[in-house]
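Residue numbers (our numbering), protein chains in the order written: chain A, 1 to 349; chain B, 1001 to 1342; chain C, 2001 to 2243.
Everything labelled a hint here was simulated from the structure, so no lab data went into it.
Small disclaimer: the values here were computed from a predicted structure and weren't measured.
Treat each hint with caution, since some may be false.
[To be verified] Label pairs and their in silico Cβ distance ranges: (1) B:Gly1181 <-> C:Gly2015: 52 to 62 angstroms; (2) C:Gln2074 <-> B:Phe1169: 23 to 33 angstroms; (3) C:Gln2074 <-> A:Ser100: 39 to 49 angstroms; (4) C:Glu2135 <-> B:Asp1239: 25 to 35 angstroms; (5) A:Ser179 <-> B:Arg1054: 47 to 57 angstroms; (6) B:Val1191 <-> A:Asn304: 43 to 53 angstroms; (7) A:Arg165 <-> B:Val1191: 46 to 56 angstroms; (8) B:Pro1147 <-> C:Ala2132: 42 to 52 angstroms.
Every residue gets a Cβ at the ideal spot worked out from N, C-alpha and C, and that includes glycine.
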Amino acid sequence: MTATSAPPAPETAAGRPLPRLPWNRHLIAIAVLAVLLVPLPLILPPAQASVAVRVLIFALMSIGWNMMSGFGGMFSFGHAAYFGIGAYASAWLLVEHRVSPWIGILAGMVVAAAFAALIGFLALRYKLRGAYFALATFAFAEMLRLWATNSDFVNRAVGYHVPLRPEASWWWLQFEPSSPNYFWVALALTVVALVVSVLYLRSRAGQFTKAARDDEDAAAAVGIPVMRYKLLTMALSAAITAVAGAFYVQYFLFIDPDLAFGSSVSIQAILPAVIGGVATVWGPVIGAVVMGPLNDVTATMLRNPPAGLEFLQGRSGLDVIVYGTLLIIIVLVLPKGIYGTIRQRWFRR
Amino acid sequence: MTSPADQGHVAAAGDVATLDPDEARAPAGRAVPWRRIAVITALIVVAVVLAYVRSGSGVVVVQAVATGVLIGGVYGLIAMGLTLIFGVLDIVNFAHGSFLALALFLTFGLAQAGLHPYLALAVSVPAMFLLGVLVQRGILAGAMGKPLENQLLITLGISLIIENALLLFFGANPRSVPLPGDRGVPIFEAVANLSRILAFVGALLLAGLLYLLLQRTRLGTAIRAVAANDTGAQLVGIDTRVIYAVTFALGTACAGAAGTLVAPLVTIEPTTGALFNIVAFVVVVLGGMGNVVGALVGGLVIGLAEQLGGIYLPGQSPLLSVFIVFVLVLFLRPQGLFGRSA
Amino acid sequence: MTLLRVDGISKSFQGLRAVDEVSFEVAEGSILGVIGPNGAGKTTIFNLIAGALRPDSGRVHLAGREITGHTPHQVTAAGMTRTFQLMRPFYSMTVLENVTIAVLAGGGAKRTARTAAAELIDRVGLGRWRDAPTEGLPTAALKRLELARAVASKPRVLLLDEVLAGLVPAERAPVMELLEQLRTDDGVTLVFVEHIMAAVMRLSDSVLVLDLGRVLTTGAPEEVTRDPRVIEAYLGEDPHAHA
Ligand SMILES: Nc1ncnc2c1ncn2[C@@H]1O[C@H](COP(=O)(O)OP(=O)(O)OP(=O)(O)O)[C@@H](O)[C@H]1O
Ligand SMILES: [Mg+2]
Chain A
1 MTATSAPPAP ETAAGRPLPR LPWNRHLIAI AVLAVLLVPL PLILPPAQAS VAVRVLIFAL
61 MSIGWNMMSG FGGMFSFGHA AYFGIGAYAS AWLLVEHRVS PWIGILAGMV VAAAFAALIG
121 FLALRYKLRG AYFALATFAF AEMLRLWATN SDFVNRAVGY HVPLRPEASW WWLQFEPSSP
181 NYFWVALALT VVALVVSVLY LRSRAGQFTK AARDDEDAAA AVGIPVMRYK LLTMALSAAI
241 TAVAGAFYVQ YFLFIDPDLA FGSSVSIQAI LPAVIGGVAT VWGPVIGAVV MGPLNDVTAT
301 MLRNPPAGLE FLQGRSGLDV IVYGTLLIII VLVLPKGIYG TIRQRWFRR
Chain B
1001 MTSPADQGHV AAAGDVATLD PDEARAPAGR AVPWRRIAVI TALIVVAVVL AYVRSGSGVV
1061 VVQAVATGVL IGGVYGLIAM GLTLIFGVLD IVNFAHGSFL ALALFLTFGL AQAGLHPYLA
1121 LAVSVPAMFL LGVLVQRGIL AGAMGKPLEN QLLITLGISL IIENALLLFF GANPRSVPLP
1181 GDRGVPIFEA VANLSRILAF VGALLLAGLL YLLLQRTRLG TAIRAVAAND TGAQLVGIDT
1241 RVIYAVTFAL GTACAGAAGT LVAPLVTIEP TTGALFNIVA FVVVVLGGMG NVVGALVGGL
1301 VIGLAEQLGG IYLPGQSPLL SVFIVFVLVL FLRPQGLFGR SA
Chain C
2001 MTLLRVDGIS KSFQGLRAVD EVSFEVAEGS ILGVIGPNGA GKTTIFNLIA GALRPDSGRV
2061 HLAGREITGH TPHQVTAAGM TRTFQLMRPF YSMTVLENVT IAVLAGGGAK RTARTAAAEL
2121 IDRVGLGRWR DAPTEGLPTA ALKRLELARA VASKPRVLLL DEVLAGLVPA ERAPVMELLE
2181 QLRTDDGVTL VFVEHIMAAV MRLSDSVLVL DLGRVLTTGA PEEVTRDPRV IEAYLGEDPH
2241 AHA
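Please put together the full structure from these sequences, using the hints given.
Set out below in C-alpha cells:
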C-alpha cells in the first residue's frame, strides 16, 4: 500500500464547471446523418441501394446486440434467437393470419423481449458468467433453430415466402423491388433504434446498467437492483434485433430456420459492433458500413473470378471468409474497434 | 493490512468452481466419486426404462442404446480435446469442429486417392497437430490473457474461415467415404455398422493414449501443472508458451483423429464439423470444463441422450434433446458432473 | 435507540468458521469501531449484514425491521450502505460519474444529481480528481471515492471497511473529520473496521474486538486496548503500532 506522492494541496473543484455530457451531441449527429442520408437511394444505382439497405439491417441487428453485450456487458452469442423471433413472428402473422407487417414487427419485438427476459432470468438466477453465459445464449438460439426446423407450426425447414401483392402498399410494407421506400423505412427504423439507445444510455436505467456491468457488487451496494436492470437491457436489446429480423423478411420476402436462427446470424449481429467498436454508440453503424459492401464485392468476385481461380465461379463462402479474417484482425490489432480507437486517440476518452 | 485474497469480491463465493461442498472436501480428481457415478448410472437406467415405456419396443431401445454408446465414445474423444484446451489455455475453442471438418475432407481426399480410410489417421492426426501449433502460435498467442470474449471471437473467426474455405473449394454437395468391407454387426437384437464399432474402439484407444500421456509422461505432468497454475509452472521452469502450443495442438489432433474415425459414418459437408462442435460443447460442460475424464463419460451420456431423446421426442431433431440436457446442466450443475479439473 | 442489531450470526467457508455467533448492537448516531487481526472475520461480518453473503444462522435487524438474507440493494434501500476494503469503482467511469450513479440510485433527482455528486466529491477531498477516469487513480483517491459513493446513497448506517488504510497520516485527518461531521451534521451511524488505532481511539464510542471469528471483547476504546486478551490476540503486535 503506497500512498500517493502528490501533495494533498488544492483538493476542491468548487466553481469548476461540470463536464458536458455527450448525449446531445450524439442526438444532433444522428439527426444530421439521417437528413443527409435521405436522398441516398435516389442517387445510388439500384444495386448499390440494396447494399445500403443491407448495411442498415446489419446496423440494426448490431445496435441491439451492442446494447446487451457492449453496454450491458453480457456477451451474447445467440442474438439469432431474437432476429429469428422477429422474422418468424412477422412472417407467421402475415402468411398465416394476414396481419400487417407493422403489427408483425411489434409482435416480434414483444415476443423477443419476453424470450430474452426469460433466458436472462435463468442465466442470472443461476449465475452463469463468461463462457457459460455465451454458451447458454448460443444454445437457446440453436434450440429455436432445431425447433423451427422440425415444427409444422412454422412450416418446418421450408419456412415462409411472403406473398407478392399486385400493387405497392405501405400498410403491407411492400413496394417495387427497386423502390427507395425500403431504404427509407430501414433508415427510419435504424435512426429510431439509435435514438432509443442514446436516450436509454442517458437514462437512470442505462446508467445503472453500465454500473452493473463495471462491478455488479458495487452497483448492488449503492442500491441498484442489478437483476432488474440487466433484464430490462436484455429485453430492449432483443426487441431492437427483432425489428431487424422482421424487416429482413419484408425486404427479402423469404425466411427459413437457418436464415433466421442460424449461428451465422448471431455472428452478423456481433461483427459490426466488434469492427466498429463495442460499447460505443456509433460502433455498430460504422461496422455495418464496412461489412455491408464487402458482401457485394465478394459476390461480384465469385461471379467473375480472376484468372487462375475460374473453378471458384458460382461458389459461395468467400464473404464469410473475409468476415472471419476481418474479425480476427480487428480483435488482435484494434480490440476497441475502428470508432473506439479513433475516439480514444482523438478525444480524451 | 489487506490480505491478498480479494475478499470484497463476494461473487467468488458463488463461483461455479467452489459451489460444490463435495469438491471442497475431496480435492478434485483424487478420490473416485463413486456416489456420483452411482447417481448417473441410476439416471441412465431410468432414462432407458422410460424410453422402453414410451416406445414399447425392446429392439428400438437396444438399438438406441447401442448407437448412442458407440457414437458417444467418439463424442468423448472430440470433447477431450476441447476440454483440454479449455483447461490449459482457458479458451473456449469455437473452431474445434472446423478442425474436425478439415480432417473429414482430408480423409475424403486420401480415400479418393486410394488410401484405406483408417490409414488416413497417419496423415490427419499429424496434420491437425501441426495446424494446431500454427494457429496457436500465429493467432491465439497474441490474445493470451485478454478478455475471454476476444478469444471467443478469434476462434469463431478461425472456424468461419475454415468452414467457408471448405465450402468455397469443395462446394456444398455432400460426400461420403465408404469403408471397404463395412457391414452390419448384430448386437443383441440390434445391428450396428462395423464402421461405427471401429470408430468407437478407435476413439477409446486414442482417449486412453491421451490419458496416459497426461498422467504418465513428463509432458503430461507439465501440461497438468500449467493447467493448475501457469505462473507457478513458469516459476519451476516450464516454458508455458510451448505447453500452450502443444496442448492446443493435442486438442486439435483429437478433433483430427475423430474426423477420420467418423468419416465413414457421416455425410461429409463443410457444416458437419459445426454439428460435432455443438455436441462437444455440451459434453465438455457436462463433464466439467477442463476435466478430461469427465469429457469421456460426458460423451457417452450425451450419445445416449441424443438417441433416447429421439424416442422421447419423435419427429424432433435428436440434437434438440442434447440441448435440453445442456441447458439443464448449465443451470443445475454448471460445474459439470465431475467438477472442474484437468 | 438501537439502530442496528446483530444476533448470533455465523458463517463457515468449507469448514472454516469465519464468523462464529457474533452479536452486537449499534445505537443511532453512535460510532462503533471494529478491530481484530487479519482474517478475524471483520469483512465477512460486513458481507453478512450488508447482504452480500447469507449467514448460516443468526439475524440482523435494522431500525427494528429484520433484514437477514435481504439482497445487497434491498439492504441499501433499507438504509445501510457498505464500502469495500479493496476498492471497487465503476472502472469505465470518471469519479464524478461514479458518485452521480450512487446519488441517482439513492433516489436523487436526475437534474440535480451531478451537482450533488460534485459537492460530495469536494467534501471528501476528491475535488481535483473529479473529472479523472477511475482507472489509474491512486489508492488514497479510490478510498475516498468508496466513501463518497457510499455517502451518496444517503444511508442511516454506514459500514466502512478500512477507509483509512493506504492514506498517509496527513491525508487521514480530513477523512476523520468528515466521519465526525457525518455523525454530528448528518446523523449517520457508523460502523468502521480499522487497523489504525489512533483513528479507532479518536472516533469510536465503543469498540468491538474480533478474533478467529468470535467477539473477544467489547467496550469503550480505552478499556478495550488495555485488555490483555486484546494484546494477546494481536500476537505481541502492539495494537498502537499503526498510530
Ligand atoms: N468468500 C470466501 N471464501 C472462503 N473463505 C473466505 C471467504 N471470505 C473470507 N474467507 C476467510 O474467512 C476468514 C475471515 O476473513 P475476513 O476477510 O472476514 O477477515 P478480515 O478480518 O476482514 O481480515 P483483514 O484484516 O485482512 O481484512 C479468513 O480466513 C478468510 O480467508
Ligand atoms: Mg477485511
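Hint-by-hint comparison with the structure:
1. B:Gly1181 <-> C:Gly2015: 52 to 62 angstroms: holds (60 angstroms)
2. C:Gln2074 <-> B:Phe1169: 23 to 33 angstroms: violated (59 angstroms)
3. C:Gln2074 <-> A:Ser100: 39 to 49 angstroms: At roughly 44 angstroms between Cβ atoms, A:Ser100 and C:Gln2074 fall inside 39 to 49 angstroms, so the hint holds.
4. C:Glu2135 <-> B:Asp1239: 25 to 35 angstroms: holds (32 angstroms)
5. A:Ser179 <-> B:Arg1054: 47 to 57 angstroms: holds (54 angstroms)
6. B:Val1191 <-> A:Asn304: 43 to 53 angstroms: holds (51 angstroms)
7. A:Arg165 <-> B:Val1191: 46 to 56 angstroms: Between A:Arg165 and B:Val1191, where Cβ atoms are some 54 angstroms apart, the hint holds.
8. B:Pro1147 <-> C:Ala2132: 42 to 52 angstroms: Since B:Pro1147 and C:Ala2132 have Cβ atoms about 24 angstroms apart, the given range 42 to 52 angstroms is violated.
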